[in-house]
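Enquirer: Listed below, chain by chain, are the residues.
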Amino acid sequence: MKRYLLSIVLSVCVLGILCTYYVYGSADQLPEYKLTTIQGDPKEGAEIELSGHYSGTKRTEPIIVDGAGSHYRSRETLRDEILSARSWVYNAGNIGQWVQDHRQFMRGKDQLEGFYKDEEWLIYATGASRSELKVERLHLGTDKVTQYTTKLPVQTDNDYINVVDVQRINDQLHVLVRQNTKGTPYLQYFHYVLNFDSGALIRSEQITHWNKTKKDVELEFYHLYNSESQNGYVVFVVPENKIISKSENSYSSEQIAAHLYMYSYPSGKLTALPDPKQQFDPNVNYYHEGDQVIYKTNDKSTLTLSRYNLATGKEERDYVSIKASQFGANEIQSAILSDHRIYVHMRKGTTYLVTTLDLSDGRALYVGEVSYEGPEAEREKEMKLLQLYSLNINKRVS
Amino acid sequence: MNRFLKLVNMEIHRFRYILASLMAVTMVCQFSSLIWTIQRVVSAKEKGLTQAVVGFDVPKMLTFPWAIGSTRQWFMIPILLSVAVLLLYALIIWYRDWFGRSTFIYRLLMLPSARWILYVSKLTAILLFVFSMLAFQLVLLATEKMLFNMIVPVDIRTDTTFAEAITMNDALQFLLPKQFEQFIYYYGLGMIGIIVMFTAVLIERSYRRWGILYGVSYFAVCVAVIVSPMVLLGIDRSSGYWYPNEIYMMELAVCLLVPVISIGLGFWLLCKKITV
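Residue numbers (our numbering), protein chains in the order written: chain X, 1 to 398; chain V, 1001 to 1276.
Keep in mind that the hints are not guaranteed to be accurate.
Within a straight-line C-alpha distance of at most 27 Å, the following computed DSS-like cross-link-like pairs (lysine-lysine) qualify [unchecked claim]:
#, chain 1, residue 1, chain 2, residue 2
1, X, 384, X, 348
2, X, 2, X, 43
3, X, 151, X, 182
4, X, 34, X, 300
5, X, 58, X, 43
6, X, 384, X, 34
7, X, 242, X, 182
8, X, 2, V, 1006
9, X, 300, X, 348
10, X, 58, V, 1145
11, X, 384, X, 323
12, X, 58, V, 1060
13, V, 1047, X, 58
14, X, 314, X, 296
15, V, 1060, V, 1145
16, X, 34, X, 58
17, X, 182, X, 269
18, X, 381, V, 1006
19, X, 381, V, 1047
20, V, 1006, X, 58
21, X, 34, X, 314
22, V, 1060, V, 1045
23, X, 144, X, 134
24, X, 384, V, 1060
Hints are computed from structural coordinates only; laboratory data are not their basis. Please read all numbers here as calculations on a predicted model, not as lab measurements.
Based on the provided sequences and hints, a complete structural model is requested.
Expert: Structure representation (C-alpha cells):
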C-alpha cells in the first residue's frame, strides 16, 4: 500500500479540491434581480425582457432581467449558447409558436415577411432562384403540405426575389416582392397575383416608381411589416433625407420629410396617406397592425400615439397620451409596439418600470418593476450598479 | 484492478519530477509577480505617490481580482507551459516505452493481464496529471489570496469573491469555468482529444511508415467529425434545416461516438496488431 501512497494522495487531493471548488468556490455571487408585478395581469408582462449590464464587478457583466429573474451572460454554458442560436428568427413574430406547432413544415424557413397564416392555411413564399418564386402551403386541417414554383417576369440579370408580404384573398395569392428595376438604382416593389391552387401567375405590376428627383435629397423607402397580414393593405414610408455633407470618408444627412402611402391588393391602387401630425416630426415611428397605421412619438416625459384607419380613412390624433409621471417614473426610456400592445420602459430613481398598455385605448394592463432579490440594506447600492437600457419582447415558447 | 493500479502508479512515478517542476515553475512565476505587483502599489500608496509619478496604475482600493488582472501575463506563461508539456507528454507516454531503455513496451505487452489495461492506465495517468495541475492552481489561488490579505493593509483593500478573481484572467476563466456543466464540456472535449491522440499513436505503431499518414488522417477525420454538426449544419445560419436542439443532440452523439470508436480501435490495435 505504501508503494501507491503518491498516487492515492494525489487522486484524493485532486478530487477533494475540485469538488470543494465547484460546491463552494465557483459561485459568482452576482446580485439577483427580478421583474415583479406591481399592478395588473402578470401574463401581460411575461414576454418582457430588459437588457443591459451590471457594473459592480471589475468586468462589466451583460445581464437580462425578466419575470423569471436575472440571466447573466457569464453564466451561460455551451448548451445555452447552442440552444439560443438563431434566437432572432424564433423570437420574430409568431415564428417560435409556428415552429412548436408545425415543426416539420417550419424547417429552414427564416423570413418572417414570407409567411401568411389564417384559420385554414400557413403559407411561406420565398425566392427559389433569381426569377422564380417558391410557395409552400400547409393545410392546417389535414397537415398536408403542397408546393409550387412560379416563374416571375424580371427586368434585369441581377435580380433577387425578396418576398416582403404574402396575403391570401379568396382564390388568389398576393405576393409583394422587392426587386431590381431597369433605369433606377433603387429596389422597387412589385405585386404578383397567383392562382392560389395552381400557382399560375395571373397578373404582375410594378407598384412603386420612386426615384431621386432632387440632387441633394436621398430617398430610402420601405414598407411596414404587418403582423396581421389578412387585410389586403400594405403601407410604404418614403422619408426624404437632405444630404448635409458627402465625401469619400463621411456622409451625413438630415430627414426633412416623410410620406406614407397605402397600397390595396384588391384594387391595385397606391394612395398617399394624410399626415396626422401635419407638421413633420423626424422622431415619429410608424407601426402597421390590421387596418391601423399607428404614429408613435415620445420624449422623456410623454408618449403619444395617433392612428389612421386604412379601411375607413378615419384619423385620430393623440388618441393615447402617456406620461411617465402617471406611473411615478422620472423618464420614459423606450417603447415598443407589438401584437395589440404598447410596452413602455421607464426609469424611476434607481429602478426601472415597465408597463403594458392596450394599443386600442392606452389602458394599463400590467405595471412591473425591477426589484433587487437580496438584503434590503444592499438594495440601493445594487440598484445603482444596474443599467438596463434595452427593452425586448421575447416570444419564447416553452 | 490491482494490475491497473500498479500501472497507473508506475506512470505517475515516471512523471513525478516533471509534474513537480511544472508546479514549482507555476508557483514561482505567480507568487513572485503577485508579490512584486502588490508591494510596489502598496509602497506607492504609503508614500502618497500617484500614477503620474510612478508610471503604473495606483487604484484607490486594492482588490484580489485587481491583483490577478495586473499579473495576467505572469499567470498565463506557466499555464501555457504546463498545457504544452502535458500535450507533448500525451505522445511521449507511449513513445518512451518504445524508444526508452531496453524497449520497455515489450515487458509491458507481455504482462499476464489484458493489454487494454495498459491503454486505460496511461489515459488515467494523463487525466490525473491534468487535474493535478488544475487542483494545484486552485490551491495557489487560495494561497495567493491569503498573501494578498497579508501584504495589503485592511484600510486600502476591499474583499471580493474567489470567482471574480478568476474572471480577471482569460486563461484561468477557461481552465476553471464557473459552471460545472461547462467544466464537463471543456474537459470532456480535452479527454476525447487525448483518446483520439492515443489511438493515432497506436495506428502509427501498428503500421509504422504508412502508420504516420494513417494516424494523422485518423486524427484529422475525428476532429472533422466532432466539429461537423456545428459547422456543416450551420448552427448560426438562420435558414438551416436542423433546429439548434437537434444539432446539440447530434454534437453530443458524435462526442460519444468518436471516443467509443477510438477506444475500441485502440484496444483492438493493442491486442491484435501490435506484436512483440
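Enquirer: Evaluate each hint against the coordinates.
Expert: Structure-based check of all given hints:
1. Proximity of residue 384/X to residue 348/X is assessed by CA-CA distance (about 12 Å); at most 27 Å being required, the pair is judged to hold.
2. A threshold of 27 Å between alpha carbons decides the hint, and for residue 2/X with residue 43/X the separation of about 66 Å lies outside it, so the pair is violated.
3. Taking the CA atoms of residue 151/X and residue 182/X, the gap is near 19 Å; set against the 27 Å cutoff, the hint holds.
4. A hinted pair counts as satisfied when its Cα atoms are at most 27 Å apart, and residue 34/X with residue 300/X qualifies at roughly 24 Å.
5. For a cut-off of 27 Å, the pair hint linking residue 58/X to residue 43/X is broken: about 36 Å separates their Cα positions.
6. Distance check on the hinted pair: residue 384/X and residue 34/X sit about 15 Å apart at the alpha-carbon level, within 27 Å; holds.
7. Restraint check: the Cα-Cα separation between residue 242/X and residue 182/X comes to about 25 Å, which is no more than 27 Å; the hinted pair holds.
8. Straight-line distance between C-alpha atoms of residue 2/X and residue 1006/V comes to about 12 Å, which keeps the hinted pair within the 27 Å bound.
9. This hinted pair checks out: residue 300/X and residue 348/X have alpha carbons roughly 12 Å apart, not beyond 27 Å.
10. A distance of roughly 16 Å separates the Cα atoms of residue 58/X and residue 1145/V; the hinted pair therefore holds under the 27 Å criterion.
11. At roughly 24 Å between alpha-carbon atoms, residue 384/X and residue 323/X fall within 27 Å of each other, so this suggested pair holds.
12. At roughly 14 Å between alpha-carbon atoms, residue 58/X and residue 1060/V fall within 27 Å of each other, so this suggested pair holds.
13. Restraint check: the Cα-Cα separation between residue 1047/V and residue 58/X comes to about 26 Å, which is no more than 27 Å; the hinted pair holds.
14. Distance restraint check for residue 314/X and residue 296/X: the Cα-Cα separation of roughly 17 Å lies within the 27 Å cut-off, and the hinted pair is therefore satisfied.
15. Annotation: proposed proximity of residue 1060/V to residue 1145/V holds, straight-line Cα distance about 19 Å (limit 27 Å).
16. Taking the CA atoms of residue 34/X and residue 58/X, the gap is about 23 Å. The hint holds against a cut of 27 Å.
17. For the proposed pair residue 182/X and residue 269/X, the alpha carbon gap of about 22 Å is at most 27 Å, so the pair holds.
18. Under the criterion of a C-alpha separation no larger than 27 Å, the hint pairing residue 381/X with residue 1006/V is inconsistent with the structure, at around 58 Å.
19. Distance hint between residue 381/X and residue 1047/V is unfulfilled; the C-alpha atoms sit about 32 Å from each other, more than 27 Å.
20. Taking the CA atoms of residue 1006/V and residue 58/X, the gap is about 48 Å. The hint is violated against a cut of 27 Å.
21. With a C-alpha separation of about 42 Å, the suggested pairing of residue 34/X with residue 314/X is violated against the 27 Å cut-off.
22. About 9 Å separates the Cα atoms of residue 1060/V and residue 1045/V, which keeps this hinted pair within 27 Å; it holds.
23. A C-alpha spacing of about 17 Å is found between residue 144/X and residue 134/X, which places the hinted pair at or below 27 Å, so the restraint holds.
24. Note on residue 384/X and residue 1060/V: the hinted pairing holds, with a Cα-Cα distance of about 20 Å set against a maximum of 27 Å.
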